[in-house]
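Protein chains: 2
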Amino acid sequence: MTSLPKSLTTRLQQYIPALDWLRHYQSKHLFGDITAGIIVTSLLIPQSMAYALLAGLPPHVGLYASIFPAIIYPLLGTSRVLAVGPAAVDSLMVAAAIAKFAPQGSSEYLVLAITLALLVGIIEIGMGALRMGFLVNFLSRSVISGFISGAAIIIGFSQVKHLLGLKIPATESFIELLTLIVSKISEVNWVTLGLGLASMGILLYFNQPLVKQLKRQGWSDQKILPVSKSAPLLVVILGSLLVSIFQWDQGLGIRVVGMVPSGFPPLTIPTFDLQIWRSLLPAALAIALVGYMEGFSGAQAFASKRREKIDPNQELIAFGAANVGAAFSGGYPVTGGVSRSAVSFSAGANTGLASIITGILVAITVMFLTSWFYFLPQTCLAAIIITAVYKLIDFATLKRMWNYDKADAIAWLFTFGAVLGLGVEKGIIFGAMVALSLHLWHTSRPHIAIVGRLGNSEHFRNVLRYEVKTSPQVLAIRVDASLYFANAKYMENFLNREISDRPVVTSILLVCSAVNLIDASALEVLESLIADLRTLGINFYFSEVKGPVMDKLLKIGFVDYAGRDHFFLSTDIAMRELAGI
Amino acid sequence: MTSLPKSLTTRLQQYIPALDWLRHYQSKHLFGDITAGIIVTSLLIPQSMAYALLAGLPPHVGLYASIFPAIIYPLLGTSRVLAVGPAAVDSLMVAAAIAKFAPQGSSEYLVLAITLALLVGIIEIGMGALRMGFLVNFLSRSVISGFISGAAIIIGFSQVKHLLGLKIPATESFIELLTLIVSKISEVNWVTLGLGLASMGILLYFNQPLVKQLKRQGWSDQKILPVSKSAPLLVVILGSLLVSIFQWDQGLGIRVVGMVPSGFPPLTIPTFDLQIWRSLLPAALAIALVGYMEGFSGAQAFASKRREKIDPNQELIAFGAANVGAAFSGGYPVTGGVSRSAVSFSAGANTGLASIITGILVAITVMFLTSWFYFLPQTCLAAIIITAVYKLIDFATLKRMWNYDKADAIAWLFTFGAVLGLGVEKGIIFGAMVALSLHLWHTSRPHIAIVGRLGNSEHFRNVLRYEVKTSPQVLAIRVDASLYFANAKYMENFLNREISDRPVVTSILLVCSAVNLIDASALEVLESLIADLRTLGINFYFSEVKGPVMDKLLKIGFVDYAGRDHFFLSTDIAMRELAGI
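If you read the protein sequences in the order shown, they are chains D and G.
Everything in the first sequence is counted per the numbering used here, starting at 15 for the first residue and increasing by one.
Everything in the second sequence is counted per the numbering used here, starting at 15 for the first residue and increasing by one.
The set of hints was computed from the structure by calculation and includes no laboratory data.
Be a bit skeptical, because a hint or two may be false.
Remember, identical chains collapse to one label, so a pair may be satisfied in a single copy or spanning two.
[What the hints assert, rightly or not] Below, in silico cross-link-like pairs of lysine-lysine (DSSO-like), each with a Cα-Cα straight-line distance of 30 Å or less: (1) K503 to K323; (2) K405 to K566; (3) K440 to K483; (4) K198 to K237; (5) K181 to K566; (6) K440 to K114; (7) K566 to K243; (8) K483 to K237; (9) K569 to K114; (10) K198 to K569; (11) K420 to K237; (12) K323 to K483; (13) K198 to K503; (14) K405 to K229; (15) K42 to K237; (16) K566 to K503; (17) K405 to K243; (18) K114 to K42; (19) K323 to K181; (20) K566 to K229; (21) K569 to K420; (22) K503 to K420; (23) K569 to K483; (24) K42 to K243; (25) K237 to K114; (26) K566 to K413; (27) K569 to K405.
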């Protein structure tokens, strides 16, 4: 590889970022990578089966989706610790998307799931190639937090039926689900519930109290981690042993995972029926965006701790390739999971090799160990999901936003409510719309201040906030916004109101320090305003017009229209000349 | 009325603005009002019949829609010259909306049209009561201009079949319409075409050359107006005479209006079938918004010439009431027309009485004179529409926007294209979306300048545009935008890039003179940025933070987090302290 001409190597590395760490792999990194690979595997096996069930798929589909994606991502992605595979919110979105077209458990359902993975992959690769990674910036923190909180609640409640041992058909509506659970409350299988609650107890104990205990006993973080993260595996093993020894699956009706096919993942071919593609497209778009958002923010969080550089568009391509890989190996849509990546990071993963090791270990499991899963109780998997997602419910962010910015809090609440009321897909779209509308609403009613000179300085500040000097003849107004179609009329109304209150005003000075843009609509409003004021004998002046704005005003002839000597570099100069202060 | 207590009168006048001019009516205003009423009527009768045909309705429906709306609006509206009745673009939208549900000419079609008027009325009244008149500000000039230009082209081409005497079914698609016309070109009725072209010749001649000629001969504007505006009536009379005398309707197959029912408009009851209401709702919303936009901008244009005050929400209520009136008197959706209002204004209308006179004159026509319309050729009405709408095609605005602001020009082109390609309703929604997206896109990549001191002044300007003094240790950056979710990451990337290029930088100064808002997402980005820079030994400072922004930063504890002494009132003070310059 080193014999290749430099430019070619650089270009190759641009497309396959793994070449960087593969070519310079240091043996000292191996231990961390292997440890992390093993620990993540022990977490991933029960989680991926649980998430597959959440997506309405047989558990082994979750395992299949944990092999090739985990091997493909580290070759193409720019993060070295991101763990790619099935994820909770994505699994819920898959279930919601396919439920409209096929019943859970049917062979069509599986075909639609792998087709969805292919579509998500194509969309992500396409967006990456078109450098559209920036799109994710249009989801605000409030929308993301409200969305994930709402989705976590739906996920949690969707598992309650497994925890209670109830047979309840898949339903999209949160309210309907609650009603069904309440109406069947007399049919609760108490042993199932006991086993589930015991599992949750173990998971919660390992999560916090045990960690603190071991720390007090002087264990190192490096040793605590594998113990604490082995809880899901432990729950799965204990649950399976209990059921198989006491035959609870037959005598007490505890529902188990049952037969899981063994052997290497089969080559699966998604459908290429365009009709089906078109039906799945909206869901695929939503899953691609949400999955990307989730994975990318995970990658970014760990990159900033290691000073790595994450390329948003290369990440899209890597996630897309991982999904295409999932589609052809019997999997379903995947993305980078924040919590598993955190485990990998803490376990000492140095390079993408950790993820590759995970993929290989899962493949070995699928080939030789699936018979062990026969007696695995579904209630244990439900317990794993519930304890994994409850942490995602983020009312703290809501509370903080409420104190800081009501608009953000409102966007959070609307998104949260829409996810619960309308479902995950519509919920996030609705939330994003609300956030954008609130932003536009805000900019359409900008803060406008009448300003005066602060003492003898060159600074001009709001007359309502500071003791400042003003002139009765010259009204100096600072608009704290770009002037564009949605707020130009608002500014005009403000000016007209102030002028009618001040009959002695002969000059208006518009302080443009915060005006970053004047669009064509606002330009028209300004032109007619200037003309109207002229007939009243009032002159219109500008100060502190920014360079890029001035260039355009000059080009279109507005500066000549308003008068070249009506533009001042600073408010200071303008007020000295116009008002003599 | 004067005996009422003052406060009640004032409150009543708020709801019925007409009380103002009714109570103080001066006899000197009467002549102008009567003249304007007569001239507008002579224009309105042929126009309203033509627009009804454009909407796919029998011509008398246009007359019905010109009676009560013309009487109701001046009682409730705040403009004294606006002429309310059928309008071109609205008629096209009515046709597009109903075509999906009933064939033209059927009785269901008519019921749907009056139901649409009721829905539009209810929506407008509701929006007015909820004070939602501001919504129209979110349609930019570019979108409005592109929309009207596209609609004008569709309207013009929809009349070509009448001009050519071709029988072509109503079609929503512009392309399909063109194809049908071309395929039937051999069936053109040449007499129809000749009569239509002659009508257009008369209309165009009266419009401009005749006015100039009369002006040269010393006629006053006051005398020219009734002559020039009588052209449509003249065309209608001449056309009808020719056809009835030479019996062209039988011999030569010229299509005429035929039987028009006579008598006072019947009381019509819209359907209250909720299923139908739901189907018509999207169209009703679009027509309400577009109609309001059209009427309101008309009202505003004339108000500013007379120093009247137009209340956007009262206008919504007045338009809504006019539409409800239309719905119960056999009419269809109406709005304020800019061109007829201009005629009324020029003809000397002083108060709403002019419009009321118009309504009464149309009522008399409908009661006694409809038999005169039997021989009225449809080709003459088509000529009237074409000569009325071609002026709406506004490429001049596109060209100006192209020179000034490409984003506005792109929004124009997209709206125009979408109206032609997708139809009027979807076209305006699509256009509005494009304009908003372009605005958001623009604000998501704000202009960011590195600034330095201008000479020995207190002003700091862009280093790329001015000869300024800077410090190698202190990087002063001015972000020309509010910081919100869509641009916070962009700013962060900019800063990180600049810092990595300048290893000696120890302080960052963020000049916030153009930052009107920092939302919760941007706040998080700033917090993590400050934390990251601290680990690199770089301090983060702020200057010129605006009052409202500072209040919120203080409240949430950000000011303490960043350090109280890290905030400076001015960039001048900050740079003297931090950089010693």
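Now for the hints, and whether the structure bears them out:
Taking the closest pair of Cα atoms, K503 and K323 come within 30 Å of each other only across two copies (14 Å); inside a single copy the shortest separation is 44 Å, beyond that limit. Proximity of K405 and K566 under a CA criterion of 30 Å is satisfied inter-copy only: 28 Å between copies versus 51 Å inside one chain copy. For the identical chains of this complex, K440 and K483 are neighbours neither inside a copy (53 Å) nor across copies (53 Å), given an alpha-carbon limit of 30 Å. In this assembly of identical chains, the alpha carbons of K198 and K237 never lie at most 30 Å apart, being 45 Å within a copy and 86 Å across copies at closest.
In the homo-oligomer, the alpha carbons of K181 and K566 never lie at most 30 Å apart, since the shortest distance is 67 Å inside one protomer and 51 Å across protomers. For a Cα distance limit of 30 Å, the shortest separation of K440 from K114 qualifies both inside one copy, at 14 Å, and across copies, at 27 Å. Taking the closest pair of Cα atoms, K566 and K243 never come within 30 Å of each other, the shortest separation being 60 Å inside a single copy and 41 Å across copies. Taking the shortest Cα distances, K483 and K237 never come within 30 Å of each other, neither inside one copy (68 Å) nor across copies (56 Å).
When the C-alpha separation of K569 and K114 is checked against a cutoff of 30 Å, the pair qualifies neither within a copy, at 55 Å, nor between copies, at 47 Å. Within a single copy, K198 and K569 get their C-alpha atoms no closer than 73 Å, and across copies no closer than 49 Å, so neither meets the 30 Å cut-off. For a Cα distance limit of 30 Å, the shortest separation of K420 from K237 qualifies neither inside one copy, at 44 Å, nor across copies, at 60 Å. In this assembly of identical chains, K323 and K483 lie within 30 Å of each other by CA distance neither inside one copy nor across copies; the values are 50 Å within and 32 Å between.
Taking identical chains as interchangeable, the C-alpha atoms of K198 and K503 are never at most 30 Å apart, the minima being 59 Å within one chain and 49 Å between chains. In this assembly of identical chains, the alpha carbons of K405 and K229 lie at most 30 Å apart only when taken from the same copy (22 Å versus 81 Å across copies). Proximity of K42 and K237 under a CA criterion of 30 Å is satisfied intra-copy only: 19 Å inside one chain copy versus 99 Å between copies. Both within a single protomer and between protomers do K566 and K503 lie at most 30 Å apart by alpha-carbon distance, with minima of 21 Å and 27 Å respectively.
For the identical chains of this complex, K405 and K243 are intra-copy neighbours only, at 16 Å inside a copy versus 74 Å across copies, given an alpha-carbon limit of 30 Å. For the identical chains of this complex, K114 and K42 are neighbours neither inside a copy (51 Å) nor across copies (71 Å), given an alpha-carbon limit of 30 Å. In this assembly of identical chains, the alpha carbons of K323 and K181 never lie at most 30 Å apart, being 48 Å within a copy and 67 Å across copies at closest. When the C-alpha separation of K566 and K229 is checked against a cutoff of 30 Å, the pair qualifies neither within a copy, at 64 Å, nor between copies, at 40 Å.
For the homomeric pair K569 and K420, the shortest alpha-carbon distance between copies (13 Å) is at most 30 Å, but the shortest distance inside one copy (40 Å) is not. Proximity of K503 to K420 under the C-alpha cut-off of 30 Å is found in both arrangements, the shortest distances being 25 Å within a copy and 22 Å between copies. With identical chains, the CA atoms of K569 and K483 are at most 30 Å apart between copies only, with a shortest distance of 29 Å across copies and 35 Å within one. When the C-alpha separation of K42 and K243 is checked against a cutoff of 30 Å, the pair qualifies only within one copy, where the shortest distance is 24 Å, while the shortest distance between copies is 92 Å.
When the C-alpha separation of K237 and K114 is checked against a cutoff of 30 Å, the pair qualifies neither within a copy, at 47 Å, nor between copies, at 70 Å. In this assembly of identical chains, the alpha carbons of K566 and K413 lie at most 30 Å apart only when taken from different copies (15 Å versus 43 Å within one copy). Only between protomers do K569 and K405 lie at most 30 Å apart by alpha-carbon distance; the minimum there is 27 Å, versus 56 Å within a single protomer.
In this structure, the earlier hints numbered 3, 4, 5, 7, 8, 9, 10, 11, 12, 13, 18, 19, 20, 25 are contradicted, and the remaining ones agree with it.
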